[in-house]
Each structure stands twice: as C-alpha cells, then as structure tokens.
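Sequence lines, in order, name chains A and B.
For the first sequence, my numbering gives the first residue as 171, with consecutive numbering after it.
For the second sequence, my numbering gives the first residue as 11, with consecutive numbering after it.
Some clues are possibly wrong.
Stated by the list, open to error - Here are some chain B residues pointing at chain A (derived, C-beta under 8 Å):
id, residue
1, Ser-40
2, Val-47
3, Tyr-49
4, Gly-53
5, Leu-56
6, Lys-59
7, Tyr-60
8, Leu-61
9, Pro-113
10, Leu-114
11, Phe-116
12, Gly-117
13, Lys-118
14, Gly-119
In short, the hints are calculated from the structure, not lab data.
The structure presented is a predicted model; accordingly, all values stated were derived computationally and were not measured.
Note that CB positions come from ideal geometry on N, CA and C, so glycine has one too.
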Amino acid sequence: ETGVTQSPTHLIKTRGQQVTLRCSSQSGHNTVSWYQQALGQGPQFIFQYYREEENGRGNFPPRFSGLQFPNYSSELNVNALELDDSALYLCASSLSSGMREQFFGPGTRLTVL
Amino acid sequence: AQSVTQLDSQVPVFEEAPVELRCNYSSSVSVYLFWYVQYPNQGLQLLLKYLSGSTLVKGINGFEAEFNKSQTSFHLRKPSVHISDTAEYFCAVSDPRLSGNTPLVFGKGTRLSVIA
Numbered sequence: 171e172t173g174v175t176q177s178p179t180h181l182i183k184t185r186g187q188q189v190t191l192r193c194s195s196q197s198g199h200n201t202v203s204w205y206q207q208a209l210g211q212g213p214q215f216i217f218q219y220y221r222e223e224e225n226g227r228g229n230f231p232p233r234f235s236g237l238q239f240p241n242y243s244s245e246l247n248v249n250a251l252e253l254d255d256s257a258l259y260l261c262a263s264s265l266s267s268g269m270r271e272q273f274f275g276p277g278t279r280l281t282v283l
Numbered sequence: 011a012q013s014v015t016q017l018d019s020q021v022p023v024f025e026e027a028p029v030e031l032r033c034n035y036s037s038s039v040s041v042y043l044f045w046y047v048q049y050p051n052q053g054l055q056l057l058l059k060y061l062s063g064s065t066l067v068k069g070i071n072g073f074e075a076e077f078n079k080s081q082t083s084f085h086l087r088k089p090s091v092h093i094s095d096t097a098e099y100f101c102a103v104s105d106p107r108l109s110g111n112t113p114l115v116f117g118k119g120t121r122l123s124v125i126a
C-alpha cells in the first residue's frame, strides 16, 4: 500500500510568483486536506477536498486555491506569493468514514525570496 | 472555536527516563483528540487518538495518553524514552459533531530531546 506522496520536496520562488504543489493520496482515500506549517508552529488547516469539491476552508485568502482529480490526487495553488507564504505544506489523505485518522505526506518546503 | 495549548515548547529528558508532554484544549463541546509525531524532514505520524470510551489510550512506540474532561487535558506519557524518540510532538483536536474527516486544530508543538 502506497502512502501519501508530495512533490516537489523543496521549492524556491520569488515574491509575486505563482506555485503549484502536488499530492497523491493513499490508495482508497477520497478526502485530501492541505495544511501550512510555518517554522516553529503547528500545522494550520488551509482547505479540504472530497470527491473533487472543496469541503471546508480555513482562514486563508482566495489566492490559495486547490483542485482534486478523479483519482483523488490534489493540487494546491498559491498566487501572488508573499514572504510569509514560506512554510512546509502538508497534504493529508483520509477516508470519509468516521475513523477520523488523517495520513500525512512528507511535505513540500516552500521558500519565498 | 477550538484551540490547543501545548504548555512546553521544549522538553529535554535523559534516555530511559519517563516523560510527560502536556496538552490542554479549549472547546465548549466534546472533542476528538490526537497526538502526532514529526521526525526531522518528515511528515506527521499518528501516535494515538481518543474518540470515545476508555480515557486511557495506548498508542505506538510505547506511548499512552489520558483524556481528562474536567481538566480539558490530554497529556502524553512514556515510561522510558529512547534516543529515537527525539522529535516534535503535536497535540490536535477535531469536532465530532461534523461528519467525515473534519479539520485538525493543532498546538504549536513540543520538541522532545532525549539525551544519552
């Protein structure tokens, strides 16, 4: 059974640019959540996708957007990058059942210069 | 709104000594509670979870946690730590009133450093 994978591992962008991060969910999981983990902080919920629809959103501006594909993989897009967007971006997949466990990928480290 | 407070940002402990990592939550309703571990340059791994039932929860790698509703706490314990337990530990809550897998609200984390 393949776990959650994310790409790329590391990324360096400049302020104002756009970035796309990718996530492949664990086999059989239909729900994907994205979290932002700033240095020295706990992860913060960005949004969640269930069956290709956004199914909840945290306190992040609209320049953070996402997609989920029929195979349940997902993308996180960030437009007009700001310095404060520098963080580890974590993807978590889960079943939509009541087990409540989310399985996390290794993350993408984004640095905005 | 739910929130989580991890009272210690760093906990140094000698190898084979016991350790307790403290977590308090704030919620006006019942909660689901989780502890995750993050090793350097890795994602989060679930150690244990409390959904209902027994307030003493056993997890992987010899860790356990006790849910205390009156004190709104969910402290993580291990009777004897190893060097390999050095990592960042996160406490998290979610809302059981919502269906499906609801967002996790995390604390800021506790850095456990095991000293040889």
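### Message
Quick check on the hint: B/Lys-59 CB to chain A CB, less than 8 Å?
### Response
At about 7 Å, which falls below the 8 Å cut-off, the nearest Cβ of chain A leaves the hint on B/Lys-59 intact, so it holds.
### Hint validity - B/Phe-116 Cβ closer than 8 Å to any chain A Cβ
OK, holds: B/Phe-116 within 8 Å of chain A, min 3 Å.
#### Entry: Cut-off 8 Å, beta-carbon criterion: hint that B/Val-47 touches chain A
This interface hint is violated because 11 Å lies over the 8 Å limit.
### Message
Is the interface hint satisfied for B/Ser-40? The criterion is a beta-carbon contact with chain A at less than 8 Å.
### Response
13 Å, violated
#### Entry: Evaluation of the interface hint that places B/Tyr-60 against chain A, nearest CB under 8 Å
B/Tyr-60 check fails; min Cβ-Cβ to chain A is 10 Å, beyond 8 Å.
### Task
Would you settle whether the hint for B/Gly-117 is holds or violated, based on the nearest Cβ-Cβ distance to chain A being less than 8 Å?
5 Å, holds
### Message
Interface hint check: B/Leu-56, Cβ to nearest Cβ on chain A, cutoff 8 Å. Holds or violated?
### Response
Holds. Min distance 6 Å.
### Task
Closer than 8 Å between Cβ atoms is the bar; does B/Gly-53 clear it against chain A? Give me holds or violated.
4 Å, holds
### Message
Less than 8 Å between beta-carbons is the criterion; does B/Tyr-49 satisfy it with respect to chain A?
### Response
Because about 10 Å separates B/Tyr-49 from the closest Cβ in chain A, which is outside the 8 Å limit, the hint is violated.
### Query
Given B/Leu-61 as an interface hint, is the shortest Cβ-Cβ distance to chain A below 8 Å?
6 Å, holds
### Task
Against chain A, run the beta carbon of B/Lys-118 and see if the smallest gap drops under 8 Å.
5 Å, holds
#### Entry: Cut-off 8 Å, beta-carbon criterion: hint that B/Leu-114 touches chain A
Holds. Min distance 7 Å.
Hints 1, 2, 3, 7, counting from the list given before, are not met by this structure.
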